[in-house]
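Add chain D to chain E, keeping to what the hints say.
Line order of the protein sequences matches chains E and D. Be aware that the first sequence starts at 10, since it is given in the working numbering, and climbs by one per residue. Be aware that the second sequence starts at 10, since it is given in the working numbering, and climbs by one per residue.
Among the hints, erroneous ones may be present.
Copies of the same chain look alike in the list, so a pair counts if it fits in one copy or across any two.
Using 25 Å as the maximum straight-line C-alpha spacing, the simulated PhoX-like pairs for lysine-lysine come out as follows [stated by the list, open to error]:
hint, residue 1, residue 2
1, Lys313, Lys260
2, Lys260, Lys188
3, Lys260, Lys427
These are computed hints drawn from the structure, not numbers from a lab. None of the values given here were measured: they were computed from a predicted structure.
Number of protein chains: 2
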Amino acid sequence: MSRRKKKLLWLLLAAILLPTTAMANGASEAFTRTTLLLIVMITLADLCGFLFERLGMAEILGEIYAGIVLGNLALVGIDWNVSELLRDSEFMAYSSELALVLLLFLVGLESDISSLLRVGKNAAMVAVGGVVLPIVLGVGASAALGFATGLEGWFVGAMLAATSVGITAKVLGENGLVKTPSAQVILGAAVIDDVLGILLLAVLASVVVSGEVAPLDLVWIIAKALLFFVGALLIGRRLMPAMVHVVSLSKHSSFWTGFALCLALSFAQIAAFAGLAPLIGAFVAGLILDDMDFRVGDALQKHKLEELVQPISDIMITIFFVGIGAMVQLEALLNPQILLIILVLTTVAVISKGSVGFIVRGSGYDRLGIGYGMIPRGEVGLVFAAFAAANGVFCGETYTALVMVVLLTTVIGPLLLKPRLAYF
Amino acid sequence: MSRRKKKLLWLLLAAILLPTTAMANGASEAFTRTTLLLIVMITLADLCGFLFERLGMAEILGEIYAGIVLGNLALVGIDWNVSELLRDSEFMAYSSELALVLLLFLVGLESDISSLLRVGKNAAMVAVGGVVLPIVLGVGASAALGFATGLEGWFVGAMLAATSVGITAKVLGENGLVKTPSAQVILGAAVIDDVLGILLLAVLASVVVSGEVAPLDLVWIIAKALLFFVGALLIGRRLMPAMVHVVSLSKHSSFWTGFALCLALSFAQIAAFAGLAPLIGAFVAGLILDDMDFRVGDALQKHKLEELVQPISDIMITIFFVGIGAMVQLEALLNPQILLIILVLTTVAVISKGSVGFIVRGSGYDRLGIGYGMIPRGEVGLVFAAFAAANGVFCGETYTALVMVVLLTTVIGPLLLKPRLAYF
Chain E
10 MSRRKKKLLW
20 LLLAAILLPT
30 TAMANGASEA
40 FTRTTLLLIV
50 MITLADLCGF
60 LFERLGMAEI
70 LGEIYAGIVL
80 GNLALVGIDW
90 NVSELLRDSE
100 FMAYSSELAL
110 VLLLFLVGLE
120 SDISSLLRVG
130 KNAAMVAVGG
140 VVLPIVLGVG
150 ASAALGFATG
160 LEGWFVGAML
170 AATSVGITAK
180 VLGENGLVKT
190 PSAQVILGAA
200 VIDDVLGILL
210 LAVLASVVVS
220 GEVAPLDLVW
230 IIAKALLFFV
240 GALLIGRRLM
250 PAMVHVVSLS
260 KHSSFWTGFA
270 LCLALSFAQI
280 AAFAGLAPLI
290 GAFVAGLILD
300 DMDFRVGDAL
310 QKHKLEELVQ
320 PISDIMITIF
330 FVGIGAMVQL
340 EALLNPQILL
350 IILVLTTVAV
360 ISKGSVGFIV
370 RGSGYDRLGI
380 GYGMIPRGEV
390 GLVFAAFAAA
400 NGVFCGETYT
410 ALVMVVLLTT
420 VIGPLLLKPR
430 LAYF
Chain D
10 MSRRKKKLLW
20 LLLAAILLPT
30 TAMANGASEA
40 FTRTTLLLIV
50 MITLADLCGF
60 LFERLGMAEI
70 LGEIYAGIVL
80 GNLALVGIDW
90 NVSELLRDSE
100 FMAYSSELAL
110 VLLLFLVGLE
120 SDISSLLRVG
130 KNAAMVAVGG
140 VVLPIVLGVG
150 ASAALGFATG
160 LEGWFVGAML
170 AATSVGITAK
180 VLGENGLVKT
190 PSAQVILGAA
200 VIDDVLGILL
210 LAVLASVVVS
220 GEVAPLDLVW
230 IIAKALLFFV
240 GALLIGRRLM
250 PAMVHVVSLS
260 KHSSFWTGFA
270 LCLALSFAQI
280 AAFAGLAPLI
290 GAFVAGLILD
300 DMDFRVGDAL
310 QKHKLEELVQ
320 PISDIMITIF
330 FVGIGAMVQL
340 EALLNPQILL
350 IILVLTTVAV
360 ISKGSVGFIV
370 RGSGYDRLGI
380 GYGMIPRGEV
390 GLVFAAFAAA
400 NGVFCGETYT
410 ALVMVVLLTT
420 VIGPLLLKPR
430 LAYF
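If we strip away everything but chain E, and leave its shape as in the complex, we get (with noise of 0.2 Å):
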């Protein structure tokens, strides 16, 4: 048979298998949907990923450069969207929360309660720095703009001085970086960002809502989330060697994967309940469990819990980043009003942060590095700008410009920080 005669028998074949095919009821059609998107996803992120890693950048900016493409593929003309679906899917999404959850409990793992407290001061000062700065540089920016004044300013502001320090928690940890006391100090700064944050969207949504700041719900935010820590801490103490040697009656590995899970996730919902970011819990958690380990005496199930919550946590992550990614739409930036809020924004973000690293005292630390560090906004800046958004304050088009310059910190931080690490 000549080669074009097999190709058009090919043909023929595919036209009879693809209509057949598209009736399978081997499957449901949600199985169908969430399975090819996965498949998708993940071997394009793994395959940039890859890329951008001989290419000598982190490889969690090729994952979200694999999300840029994937949502934006209508711009190609291919009419399939990924960013649509992605927001759509209980799946998905809840994929990405469970991510970050994961993730922080893997850096948990890895610190301990008494290098954090040693850093504790620097931390702080970190922490009110990258609050402070980003505020009064974003309120004038967007006043000098003259596309946000009053409280629209004060909430770019505020959205500003949001870090989620999942991206930069994920470039370290794949470095083996964590105990530096620089990671450190980005870690213990994360935290106290994220009780300073929540207090000033607190503030902002109260004024907002009701004209006026009401103090004692201040005090309160602030009563709550310190009970978390105390409680946690003390609860966890107390329990958690029972708890671990109750797990270690148990020789199946699936037993000790579910009660790292369980873990993570309680404290994450702890958290939450208390008003902070789920993933602050589960950064507790595996504290707590660390210095637990060392009292139980068995350092070796600790290394196999990592093991067991890796694989979940790296599928997660995966889906987490990419998903990121898609939310860009690159459409914005042809609005040359919008690139310019943009552009502006963007670099007050990355300055205002970058720079905050030198509040820090003291040797040993690498400056520059911890700013960087700070640099990632992620879902903590998204929560204002929606909150923002759905109470009227920002417009449609401030509203996206600010998701871009969010995305671009996520892509920015990690870029900057990689030649850095060397210096940790």
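Just chain D now, with coordinates in the frame of chain E:
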């Protein structure tokens, strides 16, 4: 402070705290709902699994039992409809499907094609016997009881003929028995059974819809299934070494996790397109990869691959088994007529599949164990029941009874199989 005063103080604190925490803005409502469900499911399943194992029963029985408890909380006055939450949650539904895909992928990794072909004849006989016997006995029992005659009786028989290999595969894998000849007969028979199952469903479905059997459709179904197996083997053998080589270039374990997941999902999806059950496709993916692995000559990587998929599969499998258990509605057992149908059909289900191992020829097989391994019907049987109910073939009571029969087989199967494992 006295003990009583302390207690009052705590109660007061709780009274202030609870209403406020309900308004927590740290996490979305969907996150909280799914997280709490996951924590309860995994904790209870692990505890029950541990207890059941201590009592000498299969661990997964404990997980199914945990599901039965959670699904029937209403009976003890707790207003938390877990079975409804599980059914409505896309995350839980997809995780359950993913569970079977990953489980069979892992089983495929442990099996190899040559030893599967060696037991091919026996597997085929077990598969055919395990379809004919349940149909004959099922149709007979339905007619004798007088609750399902004609087409309805045939659907009852077909439901009892569908094997679901997931539960048995989990028990065999846990005990490291996948490579035994008896286990290979069960796995081979399950693959053939799946093809026979879709043929049966196609025949019955076309009788329901058009009143007659379309022979061309059946030929097409067989052709598609064969095309899948041949295509998967050919393409797999050609492309797999190159793909494994590409993946080996990355030093990140997350790359391997992503590769394994995508491979299992891709084959599951292709199988679904061919009209087969997704888990059969994943099994074939594991088979091919196992075979290829020896060519690439990197046994370490294969070992690693299993370790990287195991934790994801462990969590998802727990969700799957708890979900199966949660579907059991204990109230149905209070109706004496339904109870009779359930008892008779469950007996038929157990005997008709449980005795099928005696068809096997040659030595070195545990005939009783093979039969017991074929008993669980699982999701394939439920697909039959759902189709019949949706098309008005089954009335509500018959449907409830048959779902219970399917679920009971998933409990009885491992219960009988566990003591036989010593003879495998």
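Please flag the earlier hints that this structure goes against, numbers listed from lowest up.
-> none
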